[in-house]
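Engineer: Keeping their order, the protein sequence lines are chains A and B.
Heads up: the first sequence begins at 32 in the numbering used here, then just goes up one per residue.
Heads up: the second sequence begins at 23 in the numbering used here, then just goes up one per residue.
Everything labelled a hint here was simulated from the structure, so no lab data went into it.
It cannot be assumed that every hint is accurate.
These stretches of chain B come out as covered by chain A in the derived footprint (C-beta under 8 Å, 3 or more residues) [stated by the list, open to error]:
1. 186 to 200
2. 215 to 223
3. 243 to 250
Backbone N, C-alpha and C fix where the C-beta goes; we use that ideal spot for every residue, glycine too.
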Amino acid sequence: MSAESPDEPATRLDAGKAPAIDEVQLRTPTRDAALAAFATVPHEAGTSKPDAILTADGVVRRFGGLVAVDVDHLEVQRGSITALIGPNGAGKTTLFNVLTGFDRADHGDWTFDGRRLAGVPAYRVARGGMVRTFQLTKALSRLTVIENMRLGATGQRGERIWRAMFSWLWRNQEDEITQRAEELLARFKLDHMRDEYAGSLSGGQRKLLEMARALMVQPDIVMLDEPMAGVNPALTQSLLRHVRDLREQGMTVLFVEHDMDMVRDISDWVIVMGQGKIIAEGPPQSVMADPKVIDAYLGAHHDESLTEKKVAAERDQEV
Amino acid sequence: MDWGFIFDVSARSLVGQEAIVYALAAIGLNVQFGYTGLLNFGQAAFAAVAGYGLATTVATFGLPFWLGILIGFAGAALLALLLGIPTLRLRADYLAIVTIAASEIIRLTFRSSTLRDTFGGSNGLTGFTNSFFDLNPYEEPMGFGPWTFGSREAWVLTVGWVLVLFACLIVWALMRSPWGRVLKAIREDEDAVRSVGKNVYFYKMQSLAIGGLIGALAGFMFSIANAAIQPDLYQPTFTFFAYTILILGGAARVFGPVVGAIIFWFVLQFLATLIESGVRADIFPFSLMTTTQVGPVRFMLVGIILILLLVFRPQGIFGNRKELVFDVR
Chain A
32 MSAESPDEPA TRLDAGKAPA IDEVQLRTPT RDAALAAFAT VPHEAGTSKP
82 DAILTADGVV RRFGGLVAVD VDHLEVQRGS ITALIGPNGA GKTTLFNVLT
132 GFDRADHGDW TFDGRRLAGV PAYRVARGGM VRTFQLTKAL SRLTVIENMR
182 LGATGQRGER IWRAMFSWLW RNQEDEITQR AEELLARFKL DHMRDEYAGS
232 LSGGQRKLLE MARALMVQPD IVMLDEPMAG VNPALTQSLL RHVRDLREQG
282 MTVLFVEHDM DMVRDISDWV IVMGQGKIIA EGPPQSVMAD PKVIDAYLGA
332 HHDESLTEKK VAAERDQEV
Chain B
23 MDWGFIFDVS ARSLVGQEAI VYALAAIGLN VQFGYTGLLN FGQAAFAAVA
73 GYGLATTVAT FGLPFWLGIL IGFAGAALLA LLLGIPTLRL RADYLAIVTI
123 AASEIIRLTF RSSTLRDTFG GSNGLTGFTN SFFDLNPYEE PMGFGPWTFG
173 SREAWVLTVG WVLVLFACLI VWALMRSPWG RVLKAIREDE DAVRSVGKNV
223 YFYKMQSLAI GGLIGALAGF MFSIANAAIQ PDLYQPTFTF FAYTILILGG
273 AARVFGPVVG AIIFWFVLQF LATLIESGVR ADIFPFSLMT TTQVGPVRFM
323 LVGIILILLL VFRPQGIFGN RKELVFDVR
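Chain B extracted, bound-state conformation (with noise of 0.2 Å):
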C-alpha cells in the first residue's frame, strides 16, 4: 500500500472545498441550533436557494454575477420569513418537521422538468463563474505548505476560507453580545426570556435568518467550487452532514463546525482512500469488499465514530462539558 498516496489525498481534504461548504453550513446551524436551540433540518434548502438564485440569475437571464449574489442573499432570508412566521411561535418540534419538508419541496421544485427552462431539471445549471474566475489573481498552481492546487481550485478556497474565518468572526461579535445572551437564553427557556420583556419571536426570526445567510454562503461556495449547481446535491444529507459535523466540533463554540469540517472531511477522505488501496493491495480479499463498496463502508465506519463520539465525548471537540452537564431537557 501506498502509504504516501493515502496521506497525500487525505491532507488536502483538510483544506478542501467540501470542508469550506460544510462548515459554513454549519456555522449557520451554530447559530440557529447551537446558540438559539432551533431544530432548522432544512439548511440544504438556504444553501440551494442562495445557489440557484445565483445560477439562474447569471446562466437563465443573462444578468450579472453580483446581482446574482444579491438575489441568492435575498432568496436565503425571504426562504426564513417564510419559514419562520408560522412556525418559531410553535414548540421547536413544528420548525424541525416543516424545514425538512420545504427543503425537499424546494429541492424538487428546482429538479421539476416544467421548470427544467429556469432552472435546469435534474442537470441543473453550469456556466454562471466567469465574473467569479475574471478575478483569479493566480495564474499558475499555487503552493500553500505542504499542499499544491490548480489556480481556479487555489481561489476557491482563498475567498472559501476567508468567507469562513468572515462569518466566525461575525459569529463571535454577535455571541458575546447583549444579543447573543438572549439567543442563548431562549435556547435554555422561551418563556423566561418574554417575562423579562424580550420579544422572543423576533430574536428567533432574527437568528433563522442569519444562519440562512450564512448557509447561503454553504450555497454560493459550493456552486462556484463545481462551477455548476445540481439539486440533488441539496438532498437532507447535506443538513444531515452539516448537524454531524456541528456536533463533532462542538455546537455553541465559534469555531466547533470549523474543526468539525475540517475533521469530518479528513476522515471520510482517508478511510475511503485506505481502505480502496487495502482492497487493491489485496489486504482486503476481493469477496469481502469491492471497490464500489468502499463509498457506503465508510459511512457506516464514520457513523460508528460518530456514536462513539456521542458516548464518550458528548459536547464535541471543542465543547464545553459543564455547559452541557446541565441539560435540563
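Looking at chain A on its own, in the form it has when it is part of the complex (with noise of 0.2 Å):
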C-alpha cells in the first residue's frame, strides 16, 4: 500500500464504496513521513517532538477558582494531524482560545513557527499563518458564500478605507481573490452554492464553508474545534478527507474532537487532557487503550459495580 501515488486514495474514496478504518488510513508519502517523524517521540504526555511548528509552556488560565488550563508543555509537530482530546470540561477549547489569542492566559508562555505568541490579539495571531475554526460554526449568515470566502483573504487593498472608495485600486485583486475562493469551493463542493446566503446551508455545510474560509487565510496550522460536531454521517467522510488534504498540502492541524472513530482514522499524533492537564500522548491505538486515559473518560471507579454501591446506598438510607 505504500507504494500509492498521492493521488489515488481520492479517486478510491469517491467510488463511494464505505471505506473500513485501515482502508481510510491510506498511506501517502506525507503521511508517512508524518508517521516517521513520530517513531522515536516517546509515548508520555509533554514529551518534545523532532520538528514543533507550535510550542507551548506553562500554560494557565483560572476562571475563578477553577484552573481550566494548566499545561506544563505541549509541543506541535509540524506537518501531522493532531488530535486533541479529552472529557466534557478538560480545557481543550479553552487552551485553543489561549493559543489563538481569542482568551487571555494567566501564565505562560508560546512560540508559534520560532514566534512569540503570548499576548498577541487574535487577528495578528490569524494574520501570522494560525487559524482556527469554532465549536459553534460561526458563517456569515447575511453574506453569501462567496462573499464569506472573499472575506478570508488577507492584505486585501480594497479592505483600506481610502482605497475602498475607487474600485479601480483593488478590482483586480478582488478578481484574483474570487478565483481562488471558486477553486476552494469547488474542492469543497459548494460551488453550487456560490451566490446564496450563508445562512441557508445546512449545518454540514456550514462547517465545509468555515474550513474553506479559513484556507483563504492561507495558514501554516490549521486548529479545528470539534469539526464533527453536527455533521450528518454522509458529509463525515467528505470531512475527513479534507482534513487530511490539509496534511497533504503541507499544513500542520490541530483539533479537538470527541467522534473517537475519527480520532483514530486520521490522527497521526494524539494529545489527551484531563481537568486542565495534559495526561497522555502518543499514537491513537497506544493512547486510547492508556489506563490514565478510561480513567479520565470514565472515572477511575468505573470499573466497580454500580449495583453494589445502588444497593448499599439504600441501605443506607433505610438505617
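Dock the two chains into a complex; use the hints.
Structural biologist: As C-alpha cells, this is what we get:
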C-alpha cells in the first residue's frame, strides 16, 4: 500500500464504498513522513517532537477558583494531524482560545514557528498563519457564500478605507481572490451554493464553508474545534478527506474532537487532556488503551459495580 | 376641508429641511447600525457637536465659517474616538448605554448656564450663517417643479440634497468594497472576522467615525436651515427619529434612510395638517380633540404605523426580506 501515489486515495473514496478503517488510513508519502517523525517520540505527556511548529510552556488559565487550563509543556509536530481529546470540561477549547488569542492566559508562553504569541491579539495570530474554526460554526449568515470566502483573504488593498472608495484600486486583486475562492468552493463541493446566503446552508455545509474560509487565509496551521459536531454521517467522510488533504498540502492540523472514530481514522498523534492538564500522548491506538485515559473519560472507579453501590446506598438510607 | 392646502403643505415636506437633516442623520446610523451592527444611540451628539462647533467658532469667537465647519468635523471625529476607545471592545449593548448617556451629557453641557457666554445656554446661538447665505446664487423665490421656495430656503434645500446624494454616493462606494464586506461580516459575527485576521476594533472605530461625520453634516444643515442652534433640538428623540426613519426605509440599503426620511416627514406633516383641518372644520368635535392636541396625536399615529410596518414589513420599504430571514440573534 505504501507504494500508492497521493492521487489514488481520493479516487478510491469517490468510488462511494464505505471505507473500512485501514482503508481510510491510506498511506501517502506525507503521511508516512508524519508517522516516521513520531517513530522515536516517547509516548508520554508533554514530550518533545523532532520539528515542533507550536510549543507552549506553563500555560495557565483560571476562571475564578477553577483552573481550566494548566499545561506544563506542549509541542505540535509540523506537518502532522494531531488530535486533542479529553472529556467534557477538560479545557481543550479554552486552550484553543488561549493559543489563538481569543482568550487571555494568566501565565505562560507559547511560540508558533519561532514567534512568541503570548498576548498577541487574535487577528494577528491569524495573519501570522495560525487559523482556527469554532465549535459552534460561525458562518456569516447574511453574507453570501462567496462573500464569506472573499473575506478570508488577507492583505486586501480594498480593505483600507481610502482605497475602498475607488474600485479600480482593488478590482484586480478582488478578481484573483474570487478565483481562488471559487477553486476552494469547488473542492469543498459548495460551488453550487456560491450566491446563496450562508444562513441557508445546512449545518454540515457551514462546517465546510468555515474550513474553506479558514484556508483563504493560507495558514500554516489549522486548528479545528470539533469539526464533526453536528455533521450528518454522509458529510463525515468528505470532511475527513478534507482534513487529510490539509496535511497533504503541507499544513499542520490540530483538532479537538469527541468522535473517537475520527480520531482513530485520521490523526497521526493524539494528545489527551484531563482537568486542564495533558495526561497522555501517543499514537491513537496506544493512547486509547492507556489506563490513565480511560480513567479520565470514565472515572477512576468505572469498573466497580454500580448495582452494589446502589444497594449499599439504599441500605444506608433505610438505616 | 381644504384638501388642496393639506396636500400642498404635505408635499413641501417631501423635500423639506427636516427630511434632509434626518436623512443625513439616518445615513450615518445606517453605516454604524445597518452595516456594522453598532448600536449608536447618540447620533444627536454627533450632530450637536458639529453644529456647536460651527456656531461657536463663528458666533462666539468671530472666526471664519469654513474654519467652523472644520472644527465641527473634528469635534465629531474626536467624539467617535472618545466613545469608541472604551466601548468598542465590549459587547454591543455597552455602546448603546454609553452613547445615549454621552449625548445627554453633551446636550446639558451646551445648555449649562455656566458656559452661557460660550454656548448661549438654553437659547443657543444665532448669527453664524452669513457666509453660507452670501454664497446663495438665488436672488428671488425659486420654483422646483410643483413647489416654490423663498431664495434662502431654496439655497438650503439645494445644498442639503446635494449633501444627501454625496453621502449616499460615499456609502455606496464603501459598502460594495472589501472594506464594506468586513463591516457587514462584523455585524454577523465579530469572532469569525477576527479568526481570519481582521482587526475588528479598528474597523468598528472607522465605522463609528464615518457614521459620526455624516451625522455631523446633519448638525450643520440643521443649524444652517434654522439660522440658529438650540441645545434642546438635540434630545434623544433626534436619534430615535433617525432610527425610526432607518427602519422605515430599510437598514443596510443605500437609499433606505433617504426614502425613510421623506416618507416619515410627509406622513407626519400630512397627519398634522389633516387632523388640524378636521378639527377646525368641526369634523372631529372639539370635545374629542383641540388643535393643541394635534401635535402629540400625530406622533401616536406614526407610532401605530411603525408598529404595523414592523409586523407586516419588518425589512422596511427597501430592505431585503431574504437577508432579514436569517437573523441569528
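Engineer: For every hint, state whether the structure bears it out.
Structural biologist: Here is what the structure says about each hint:
1. A stretch counts as covered by a chain when three or more of its residues have a beta carbon under 8 Å from one of that chain; for the stretch 186 to 200 of chain B and chain A the count is 6, and the coverage holds.
2. Under a criterion of three residues with beta carbons nearer than 8 Å to beta carbons of chain A, the stated coverage of the stretch 215 to 223 of chain B is upheld, 8 such residues being counted.
3. Counting residues of the stretch 243 to 250 of chain B whose beta carbon lies closer than 8 Å to any beta carbon of chain A gives 0, which falls below the threshold of three, so the coverage claim is violated.
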